[in-house]
Amino acid sequence: MAIIGNPKYADRIALHLSKYPDKRSAVMPLLYIAQEEYGWVNDDAVNEVAQIIEIDPTQVRSIAGFYTMYSEKPKGKYWLQVCTDLACALRGADEFHHELLHELHIEEGGTTEDGMFTAEHVMCLGACDRAPMLQCNFHMVEKPGGLTMDDMRLFIEKARSGDADLQALIAEWRNLVNEHLKTFE
Amino acid sequence: MTETKRILLRYRDVNADFTDIEEYGAHDGWVGLKKALSMTPAQVIDEVKASGLRGRGGAGFPTGVKWSFIPVNEPVKYLVLNADESETGTFKDRLIMEKNPYQFLEGCLIAAYAIGAKTAYIYLRGEYLEVANLLDACIEEMRKRNLVGKDILGSGYDIEIYTHLGAGAYICGEETALLNSLEGKLGQPRVRPPFPANKGGGLYSEPTVVNNVETIANVPWILQHGGAAYKAIGTEQSAGTKLYCVSGHVKRPGVYELPFSATFGDLLNEICGGPLDEAHPFKALLPSGGSGPIVHLNDEVMNTPMSYEHTAKLGTIIGSASLIVMDDRTDITWVASKVTKFFKHESCGKCTPCREGTYWLDKVLDRIMAGEGTEKDVVLIENVAKNMAGITLCALGEFAANPIIHTIKHFPEDFKKHVSGKKAVSKPLPMAGD
Amino acid sequence: MSDKLVKVIIDDKEYMLPQGANLVDAAKWSADTDIPVFCYHPKMAPVGMCRMCVVEQGMIEKDRATGEVVMENGQPKIRWMPKLQTACTQLVSDGMVVRTNTPKVLAGRESVIEFLLTSHPLDCPICDKGGECPLQNLTMAHGKGVSRMDFSDKMHLDKHVPLGDLIYLDEERCIQCARCIRFQDEVVGDDVLAFHERGRRLQIITKSDPGFDTYFSGNTTDICPVGALTTADFRFGARPWELTEVPSIDPHDAAGSNISLSTRLDRDFGGRAMIKRVMPRQNEFVNEIWISDKARFVHHFTRSDERLQSPQIRRGGAMRPTVWNEALPDVANALKAAEGDVAVLAGPGASNEDLWELKQLAKALGSERLGAWTTHAGAALAAQVGVGKGTNLGKLGKGDAVLVIASDLEEEVPMWFLRIKQAQDRGAYLVVANHRETRLAELARETERKVSTQTERKAIRGADVRYAAGGAVEWMRHIDAHAPEIAQKLREAANLVIVVGSEGLTLEGSAALTQAAANFLIESGHVGKPQNGLLPVLPGANGMGLHYMGYTVENTLSIVQNPPKVLIVAQCEPLNDDPTAAEWLSKVETLITMNLFPDRTIEHAAYALPIQSFAERDGTFTNGERRVQRFYTAQGPMGDSLALWDAAARLRERITGTRAKLSAAAVMLEISNNVPAFDGMRYKELAKVERQFPDVGGTDQYYGGTAYQNKGGLGLQIPSEADQGTVAVGAVNEAALSAGDGLLLIPTTRLYDRSTIVRQSAVIASRVAAPFVGLNPATAEKLNVADGDAVTVSFAGGHVTVTAHVSDAYAPDAAFLPRYLTAEPTPMLPTSAQIERATSVVAAL
Ligand SMILES: Cc1cc2nc3c(=O)[nH]c(=O)nc-3n(C[C@H](O)[C@H](O)[C@H](O)COP(=O)(O)O)c2cc1C
Ligand code: SF4
Ligand code: FES
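Protein chains in written order, with our numbering: chain S, 540 to 724; chain D, 2 to 435; chain V, 295 to 1139.
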């Protein structure tokens, strides 16, 4: 599919274009939409965004390359990004990250054979008090006291067992592991 | 000691859900805004000046003064809210936006009114997607109540607020890089002058104020209670309360709101419950994330108020108040290496010393961490870091030099251990693709 | 920058410098102080990236209340900035104090160099830039000499990344100065280069389709301060220190860009001097420091094996090679036998000297029939009201206006396109009028455009005007009726230049259009002063020279209608250009060609004499701005070829006995004594240079490219008649253009085509468009033709089969057929045509 003329995205594209006095400003939101459609920022994604905001594709590729949240390589269905930055590492994030890779039988940045999971470590995600934690497709997966590998096994199992959409999956998973979350704060 | 005088985390005191616009309204919501709309923009700026409010994004620049730089007669001006929050150990703005979004948005309206901006953009780091969705929903609620859009509350003043998501670049927290990013360009800093407040220097070249989320979230309270009341909180040069983010080796990490007069001891021992493991006392503190100078976490520090002026006397900064606490198990060389990896990864690459320097430092630190370094290597990285400082285009280069210079200065023995022939145990991972 | 001078102290000495000037430029120009730079370039906005230019900077403190200078120990008190500042981002202001050589500054520079070298491969021995490399030079001057970075710690990257067909990137050598990116964005306005990734992984990329493919791409290799960008043409070709720079002039168009031919004695050329590359030579009046890729890459024709290398005589129906000693008497006899019924047709590639000697030859034979072989009849009017003496298009800006009519300037004279585009960036009002879309029209149409690497938003005003096919004369003449607002704005402009092309016009038509434009300029008072007047888009390098030497289009028309007994065709190829030429040439009894190549015309010739290209001899061209400029002998001659002037002089010697002149300089001396416009234009005068701003050539350590230095002369401009007195408006001969029975066929120009000359350069040949004809959708429908169809276009004298491009870009009721894209000749001037869908597919060339 494409994003241009795709009814699924028409409203969002129009909204983003209406936000700014200069169309070029919409390059980042549109790249997210294109990434959502194609799974990663491939050349089609770049060309479509370039066409919508009327700039050279080179400029769009440049933006996609600068920012790490645009993936220039295909990813698994679930893109797990573990924060191993200093604050998290002080609470065992490096070990957690290693165990996760081991659990998934992949190398850093790799994708599982079934194409379900890509895992890598990233810089600070702004949840340092809940280390270890991670993001899955840009949604926070975290809990007070930090994630354990048991939590992760639960998550992996849930993800593999069905094709629930991500938001529902995370919500369900949060309910399962976070009974005590409600009592926090 | 407990948290007192909460301004930003008021909801904790009243135990209410401030993400509900009705509840927010029932707890003094929009009082400051209504007051502001009844004043002239200049009066609002004066009130904020009187409060002594300083920017919470790190540099501590007086907020009212910043607003007063905006030329009154320019037809188009912008307000940009810096919610990029990407410094390691920082997670306070997220909390404000998640738990008290309307107070922040109310602050935005007041600030925009004061500088005469008709459009405000909230630039959030990409990872805060859910926060952005929440803010978008809040803005729609506000629109229904004529708090956003044309002629808000019948005042004749029009304002639009939009969210904009970044996409994983720490440098976009730097205000000129942020503006470039918002314009759809590479998030690389601009040379100054012209400054954002000047014609030619801001968003789309128009005069622009860039403020941190926390800074702005204080504004409704200041308008409601008056600048003088705000000034009365905290210390002489650090007015008001501050959100302190605590992470690392403490029992209760989290975000806490305290007046600037509170000491590190008040926070770390009493509120956060002291060291994570009683057997391992505190060793070191990074009071302002990875970028601020490291200090020994000793009694002198514990007894020092966490204000701009008092931390300066310790040879460090309070910055955005992201306290990363380390106990005696922590290898400071490893910390230096970890932080250097961060800055190497986040260097935008625009200017030579930072682009090349962070890469070089990281290479040598890897060697040191692998037990293959020599004493000369330690001298080298200190020298390289010093060569970077003061000559880069933006402050990130400085931030990247700090950890090296100060870890070597304060914890030389930790480096000696690595270069005395013994193999080291821990080694930070490289990033994928590095 | 203003004209106001303010006091600045540089290294403890006081200077008066223009307020608002860039500090690096001003220090260099007025204070003889070189502040080293890498990212800064005086032709582009500063970005302050590389940090090489750091200085200590302060301000003389003044009392706020009184404005008096504050004194301290008898000296003015200076408030120093705590950190080093980048000089390239500082503008000169009153009371500025700068120190460029303190220990702190030197240490800063040294560390920047050290940082740069940590990831530089230091492969100077195999680098094309070695020997003329700013990084190398500045390392010698300011570096440490030893690297503290282990080689094994360096990054290893791709060294051969093609950015397009013409330019290669060595990722290891790139120092991320962004000069190439900024050049494409700011100067060319086509941002096809960008950075990818960030931090140490920052790299130049292009994702445009097709690649990095602009007409100016080669300039990036000149401004690159290291050897990261190289041309496909010159890569590994030679080492700079082996090269001899020979000043020359771009022979392809009316801009007359100053170039430098880098030559060396080369094995590949029998040990003779050979052009290895073409570089720009600074002439701020003409091309600043830029050249088009055509100027840079189309030099191979000069050494083509296809060149005519010896005189040819037709014997027994076939052309046979001979030697000059045999050919000269034969040709002389043939000329004498004509008994005065002789004519000359000369092309705009011939030099002033060539044209002069040919004229003397004709005169000696009793003929004054000198025809200019061209598609534009405006040269005579350009001599009257052409741009005023001293014109520098680089000075056009805010308050000024430019009208470009009947021209696709980017394809015809890329340098003028570039300079006018920049005039628009500086605020000039640009109107582009034509019967079809052009790149320049696109720029004129955009009402507001941002230069993305600069923070400043540039409001760009302009207008894109479309008239009916071939309707230029009608529009220009009645501009007040067609576009009163535009006419008003043009009239009110402080300075106005009208660029007059000839697209869609017959020779009578271009004469009429030029007259209409001239009248407008005269009536609005925009003549006879710098930055005002007419700029004719004459084809070739010496269209104005043809005029001054007495070659006219009227004579050409008479020659075509009434061919002479003997015709000399000099540096033009009528049979390649004009499908009907075979018909009228067949009426000539004896045809003598003097050309570089054995082109089609030779088929009708009795004699073919080989002449030399611009690279093999001395000479001068008169550009469209009437600037007479010298080019010098750079390359060994091909075979027995002679300079055209020389061959003509030798023929005259045979006929009249007057001794042939021995040098081009002697010819020019004679010209300057006889042609009033050339008064005083001796070679010595033409070779004069003066210091130019910005200072980029010579001993320069950092703007790169040793060839920039202009050692060949800035040339001299012929004053226009308006410069010397008043000129009167003339009658516009609005000769209706009759399209006959068929469709109006309009020839257009492409920069890269399959003409004899361009074809010889492999790197360019691969980039020539496939043959096509452009049609408006309405016209296509009438013809029952769809986009992409193969169609046969028939016209007097022939037909070609090409692909139809159907688009709104073209005016209706006409067919737009680019010249020289097909193997068979197509019309050079508008005519009538028929178009039919072809049954066969277009044959690939
Ligand atoms: C490398 C770098 C990163 C920064 N990151 C942030 C950030 O994430 N959030 C923020 O508010 N300010 C950040 N700043 C500071 C901003 O440039 C700017 O000073 C601030 O947003 C101004 O707001 P304030 O006056 O309200 O503090 C950063 C500065 C630098 C040099
Ligand atoms: S200091 Fe680093 S982040 Fe800042 S401009 Fe230079 S390279 Fe970019
Ligand atoms: S920073 Fe001034 S020349 Fe590069």
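Check before you lean on any hint, since a few could be wrong.
[To be verified] Only pairs whose alpha carbons sit at most 27 Å apart, straight line, appear in this in silico BS3-like list of lysine-lysine:
(1) S:Lys558 - D:Lys410
(2) D:Lys151 - S:Lys562
(3) D:Lys252 - S:Lys682
(4) D:Lys387 - V:Lys448
(5) S:Lys547 - D:Lys145
(6) D:Lys151 - S:Lys558
(7) V:Lys689 - D:Lys200
(8) D:Lys200 - V:Lys337
(9) V:Lys398 - D:Lys410
(10) S:Lys612 - V:Lys356
(11) V:Lys398 - S:Lys612
(12) D:Lys314 - V:Lys377
(13) D:Lys200 - V:Lys356
(14) D:Lys387 - V:Lys377
(15) D:Lys387 - V:Lys438
(16) D:Lys145 - S:Lys558
(17) D:Lys410 - V:Lys823
[Unchecked claim] Listing some non-contacts, in silico: residues in chain S with all C-beta distances to chain V over 10 Å:
(18) Met540
(19) Ser557
(20) Gly578
(21) Trp579
(22) Val585
(23) Ile591
(24) Pro596
(25) Arg600
(26) Glu652
(27) Asn676
(28) Met688
(29) Asp690
(30) Ile709
Because the hints were derived from the structure by calculation, they are not lab data. Just so we're clear, the structure is a prediction, and the values are computed from it rather than from any experiment. A virtual CB, placed ideally from N, CA and C, is assigned to each residue, including glycine.
Do the hints match the structure? See the list:
1. S:Lys558 - D:Lys410: violated (49 Å)
2. D:Lys151 - S:Lys562: holds (23 Å)
3. D:Lys252 - S:Lys682: holds (15 Å)
4. D:Lys387 - V:Lys448: holds (21 Å)
5. S:Lys547 - D:Lys145: The given pair, whose Cα atoms are some 26 Å apart, holds under the 27 Å limit.
6. D:Lys151 - S:Lys558: Distance of about 15 Å is within 27 Å: holds.
7. V:Lys689 - D:Lys200: The hint holds at about 26 Å.
8. D:Lys200 - V:Lys337: With a Cα-Cα distance of about 24 Å, the restraint between lysine 200 (chain D) and lysine 337 (chain V) holds, given a limit of 27 Å.
9. V:Lys398 - D:Lys410: holds (23 Å)
10. S:Lys612 - V:Lys356: Violated, at about 59 Å.
11. V:Lys398 - S:Lys612: The hint is violated at about 45 Å.
12. D:Lys314 - V:Lys377: holds (22 Å)
13. D:Lys200 - V:Lys356: This hinted pair holds, its Cα atoms lying about 25 Å apart.
14. D:Lys387 - V:Lys377: Between lysine 387 (chain D) and lysine 377 (chain V) the Cα gap is close to 13 Å, so the pair holds against 27 Å.
15. D:Lys387 - V:Lys438: Between lysine 387 (chain D) and lysine 438 (chain V) the Cα gap is close to 16 Å, so the pair holds against 27 Å.
16. D:Lys145 - S:Lys558: holds (19 Å)
17. D:Lys410 - V:Lys823: violated (69 Å)
18. Met540: Non-interface label stands for methionine 540 (chain S): nearest chain V Cβ at 21 Å, farther than 10 Å.
19. Ser557: holds (18 Å)
20. Gly578: Non-interface label stands for glycine 578 (chain S): nearest chain V Cβ at 19 Å, farther than 10 Å.
21. Trp579: holds (15 Å)
22. Val585: Contrary to the label, valine 585 (chain S) does not stay out of reach of chain V, its closest Cβ about 6 Å off (not over 10 Å).
23. Ile591: holds (16 Å)
24. Pro596: violated (5 Å)
25. Arg600: violated (4 Å)
26. Glu652: holds (28 Å)
27. Asn676: holds (22 Å)
28. Met688: Its Cβ never comes within 10 Å of chain V, the nearest being 32 Å, so this holds.
29. Asp690: Holds, because the least Cβ-Cβ distance between aspartate 690 (chain S) and chain V comes to about 33 Å, which exceeds 10 Å.
30. Ile709: holds (30 Å)
Hint compliance for this structure: hints 1, 10, 11, 17, 22, 24, 25 are broken, all remaining hints hold.
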